[in-house]
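Input sequences plus hints: build the corresponding full structure.
There are 2 protein chains.
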Amino acid sequence: MYKFCIITVGPLKEQYHRDICAEYAKRLAAYCRLERREIQARRLPDSPSRAEINAALDAEGVDIMRAVPRGAYLIALCVEGRRFTSESFAVALRAAADSHPAVAFVIGSSYGLSENVKKSADLCLSVSDMTFPHGMMQPILYEIIYRSCSIISGGKYHK
Amino acid sequence: MYKFCIITVGPLKEQYHRDICAEYAKRLAAYCRLERREIQARRLPDSPSRAEINAALDAEGVDIMRAVPRGAYLIALCVEGRRFTSESFAVALRAAADSHPAVAFVIGSSYGLSENVKKSADLCLSVSDMTFPHGMMQPILYEIIYRSCSIISGGKYHK
Numbered sequence: 000m001y002k003f004c005i006i007t008v009g010p011l012k013e014q015y016h017r018d019i020c021a022e023y024a025k026r027l028a029a030y031c032r033l034e035r036r037e038i039q040a041r042r043l044p045d046s047p048s049r050a051e052i053n054a055a056l057d058a059e060g061v062d063i064m065r066a067v068p069r070g071a072y073l074i075a076l077c078v079e080g081r082r083f084t085s086e087s088f089a090v091a092l093r094a095a096a097d098s099h100p101a102v103a104f105v106i107g108s109s110y111g112l113s114e115n116v117k118k119s120a121d122l123c124l125s126v127s128d129m130t131f132p133h134g135m136m137q138p139i140l141y142e143i144i145y146r147s148c149s150i151i152s153g154g155k156y157h158k
Numbered sequence: 000m001y002k003f004c005i006i007t008v009g010p011l012k013e014q015y016h017r018d019i020c021a022e023y024a025k026r027l028a029a030y031c032r033l034e035r036r037e038i039q040a041r042r043l044p045d046s047p048s049r050a051e052i053n054a055a056l057d058a059e060g061v062d063i064m065r066a067v068p069r070g071a072y073l074i075a076l077c078v079e080g081r082r083f084t085s086e087s088f089a090v091a092l093r094a095a096a097d098s099h100p101a102v103a104f105v106i107g108s109s110y111g112l113s114e115n116v117k118k119s120a121d122l123c124l125s126v127s128d129m130t131f132p133h134g135m136m137q138p139i140l141y142e143i144i145y146r147s148c149s150i151i152s153g154g155k156y157h158k
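Protein sequence lines correspond, in order, to chains F and E.
Under numbering that gives the first Met the number 0, the first residue of the first sequence carries the number 0, and numbering increases by one thereafter.
Under numbering that gives the first Met the number 0, the first residue of the second sequence carries the number 0, and numbering increases by one thereafter.
If you're looking for bench data, these hints aren't it; they were derived computationally from the structure.
Wrong hints could be hidden among the right ones.
You can't tell identical chains apart in this list, so a pair holds if it fits in one copy or across any two.
SDA-like, lysine to any residue: derived pairs with alpha carbons at most 20 Å apart [stated by the list, open to error]:
| hint | residue 1 | residue 2 |
| --- | --- | --- |
| 1 | K25 | M135 |
| 2 | K155 | S108 |
| 3 | K118 | D18 |
| 4 | K12 | E37 |
| 5 | K25 | E13 |
| 6 | K12 | E142 |
| 7 | K118 | Y156 |
| 8 | K158 | R17 |
| 9 | K155 | V90 |
| 10 | K117 | Y23 |
| 11 | K158 | I38 |
| 12 | K158 | E114 |
| 13 | K25 | Q14 |
| 14 | K158 | R42 |
| 15 | K117 | A71 |
| 16 | K158 | E34 |
| 17 | K12 | E22 |
| 18 | K12 | P44 |
| 19 | K117 | S152 |
| 20 | K12 | M135 |
| 21 | K155 | P132 |
| 22 | K158 | A50 |
| 23 | K12 | A24 |
Here you go:
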C-alpha cells in the first residue's frame, strides 16, 4: 500500500476545512497509508518586512525538511510550479509512489515556502494560477490525492 | 454596489461545503449584492450514454440561461477555459462589473456544462487543469470572488 505524508505549517483553523480533510482521510484509508505532519508556523508582526518573512520561511523550511520521511519523493505545492491534468498527475504520482518508500506533499504557510524547500522538492505542483488561502489548500490537496488514487485503481470517481 | 449571481445545478450536498459558502456569503455582503440561483439537475442512469449526458446538459443549459439576470456578464467555469492569476481576474471582474448590471457565474453539474452555455458565456474561466468535484467548486468560486473584491477595494486579504 502506498505511503503518503502531508506536511503543513500551523494548524487548520476552520472546522469546515477540518471536516473535509477528515472525510477524505476516511475514504483514502482504502488506498494508502496517510500520515499528516504539522510543523509550527513562525510568528510574524502584522506588517512584516520581506526579511522577516524570509527568515520565518527559512526556519519553517528547516522543520519541513526534517519532517519529510526518509527517501520520500517530495512534492511541494506552489503557484509557480508545474501544472497537470488529473489524469497526468495520477500517472506521475503512481510512478513516484512505485519507486519510493513514501511520497510527501508539502503546503507552506500563508507566505508560501522557502526557496530551499522548493529547490529540494522533486516536483513543484501548481494547482492553479490563482492564489488560495493556505487553509483551503489542504482540502484541495486531499481531493487531488483521492482522485489520483481512484484513477490509479480504475475507480469510477473520475469520469 | 456590484451585483453578482452564482448559478449552480442541483443542491450542495455536503454540510462542510455549505458552511464554507455561508461564511464567504457573510463576508461578501460588505462588497456586493450576491444572489444564488439553483437549477434542477437532470436525473441520469448509473452508467449514462454520451447521448443521455448531452440531453441532460442541454436541458440544464436552457434552465441556466433562463436564470442569468438580464444584461449580465456571464462567466462559465470550465476546465478548458482561460486561466487568470488572482490579480488579473480581479481586473477582469472589475471591468465586467463596471459595465454590466450584474455578473453571473455558472458552475455546471458533475458532467459539466452544455456547449451552448459555454458559447453563450462572455468568459470561460479555468481555475485549474485538474478536475474538482462539482460541490467543491462552489467554495472555490466564493473564495475567488471574495479575493477579487478584496483586491479591487485595496484590502489586505491578498498579500
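Outcome of the hint check:
no.	hint	result
1	K25 - M135	both (18 Å within a copy, 17 Å between copies)
2	K155 - S108	between (34 Å within a copy, 16 Å between copies)
3	K118 - D18	neither (32 Å within a copy, 37 Å between copies)
4	K12 - E37	within (13 Å within a copy, 30 Å between copies)
5	K25 - E13	both (19 Å within a copy, 15 Å between copies)
6	K12 - E142	both (19 Å within a copy, 16 Å between copies)
7	K118 - Y156	neither (33 Å within a copy, 28 Å between copies)
8	K158 - R17	neither (26 Å within a copy, 24 Å between copies)
9	K155 - V90	within (16 Å within a copy, 39 Å between copies)
10	K117 - Y23	neither (26 Å within a copy, 31 Å between copies)
11	K158 - I38	neither (36 Å within a copy, 22 Å between copies)
12	K158 - E114	between (37 Å within a copy, 18 Å between copies)
13	K25 - Q14	both (16 Å within a copy, 17 Å between copies)
14	K158 - R42	between (43 Å within a copy, 16 Å between copies)
15	K117 - A71	within (15 Å within a copy, 42 Å between copies)
16	K158 - E34	neither (28 Å within a copy, 30 Å between copies)
17	K12 - E22	both (17 Å within a copy, 14 Å between copies)
18	K12 - P44	within (19 Å within a copy, 40 Å between copies)
19	K117 - S152	neither (30 Å within a copy, 32 Å between copies)
20	K12 - M135	both (10 Å within a copy, 18 Å between copies)
21	K155 - P132	between (30 Å within a copy, 13 Å between copies)
22	K158 - A50	between (46 Å within a copy, 15 Å between copies)
23	K12 - A24	both (17 Å within a copy, 19 Å between copies)
In this structure, the earlier hints numbered 3, 7, 8, 10, 11, 16, 19 are contradicted, and the remaining ones agree with it.
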